[in-house]
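A.B. asks: Spelled out from the first residue to the last, the chains are:
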Amino acid sequence: MLDEMNEEYNMITLSIPTRKRIDFVEISDLVQKEVSRAGVSEGIVTIYVPHTTCGITINEHADPSVADDIIMQLTKLVPYQAGYRHMEGNADSHVKTSLMGSSETVIIEGRKLVLGTWQGIFLADFDGPRSRKVFLKILRSEV
Amino acid sequence: MLDEMNEEYNMITLSIPTRKRIDFVEISDLVQKEVSRAGVSEGIVTIYVPHTTCGITINEHADPSVADDIIMQLTKLVPYQAGYRHMEGNADSHVKTSLMGSSETVIIEGRKLVLGTWQGIFLADFDGPRSRKVFLKILRSEV
Amino acid sequence: MLDEMNEEYNMITLSIPTRKRIDFVEISDLVQKEVSRAGVSEGIVTIYVPHTTCGITINEHADPSVADDIIMQLTKLVPYQAGYRHMEGNADSHVKTSLMGSSETVIIEGRKLVLGTWQGIFLADFDGPRSRKVFLKILRSEV
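Chains as they are written, first to last, in this note's numbering: chain B, 12 to 154; chain R, 12 to 154; chain X, 12 to 154.
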């Protein structure tokens, strides 16, 4: 029983609403909030998306044009239609997801995510709008 | 001596045969089997490919057309021949590998890999067919 | 006080000079040196770049043509100019960074990085030359 409660505590689930078909939503503050709540001072956090048409990427959060440019260029490289075999109208979303990746790992020091000045963590939805899940798993270190 | 035995226990090596030059082979069940055997209830597993023409990606496993589409589109973006300098006939395989990445990290909860409904873990061979190695490293958590 | 000293010890910062706008610099030996110094026998190391125009990739280090081919092909896919909205002249660098990713995780066994024969860890600068930081975070395992 206690063990099961621990399990629940251990992995954190975020629900992130997205607003259009292709949408980058910054989740840095939400991740930081959970790291603070967990009370872990030193370690790493794995940020994992359990979807196949939605990934994670870290890039500039100061100028939203950067996310726009990533989206524009990914769409040139992997167009909405390109003779795909997958027949659900979202084959491009799957390909883009593999290019971005399903997870990122960020270091925790002094209870803070160690992000560069310009870095933000983005949920990269390629088949929205909908509610997406992000799983967080924190590992303490003790060197 | 014991320490060496521990080391061997610690990192797990899978051998995965691939069947053609570009081949996505799902390894989710093999990874789950090793996680179960290790008896780790909560943590993460790093899935690492020690090759330079073969990567790892997570994407849909229900419809094999998705892997076909990823392969088709990657081959349009990084053709077999494109004036490459590397002279071993597999320069494209190296480039594709860097686009997919050499590892993935998956969360373990209740002795199970936490994968989304549609997610499978794929070895993405870009220079097969041959036998490929995949290294698994499990880290327990104890928040 | 001791705790703060531990924190500092915990995350390691490398400073890597790059030599041109797009430059892949192998950092495998520098990472190995820090793993040896930390005295961690079994675990993982997360190699994290806190920049948004510079990533990390693992690929062949024996023939430098491989890095050249990755750079050439990435530049075809994401040209220096392509009608980007981000106005700082490095929009392409941001897009390339998301394609490569901001971190890699490598396994440690017997105090050594577990790299394949041909694998090297590369800092992939897309907006140099300058001095770049790489953060290393080592997590011990104890299965």
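Among the hints, erroneous ones may be present.
All copies of an identical chain are treated as equivalent in the list; a pair is satisfied when it fits inside any one copy or across any two copies.
[Said to hold, decoys possible] Below are the DSBU-like pairs computed for lysine-lysine, each with C-alpha atoms no more than 30 Å apart in a straight line:
hint, residue 1, residue 2
1, K144, K31
2, K87, K123
3, K87, K44
4, K144, K44
These are calculated hints, taken from the structure and not from any lab test.
A.B. asks: Please write out, lowest number first, the hints stated earlier that are contradicted by the structure.
C.D. replies: 2, 3
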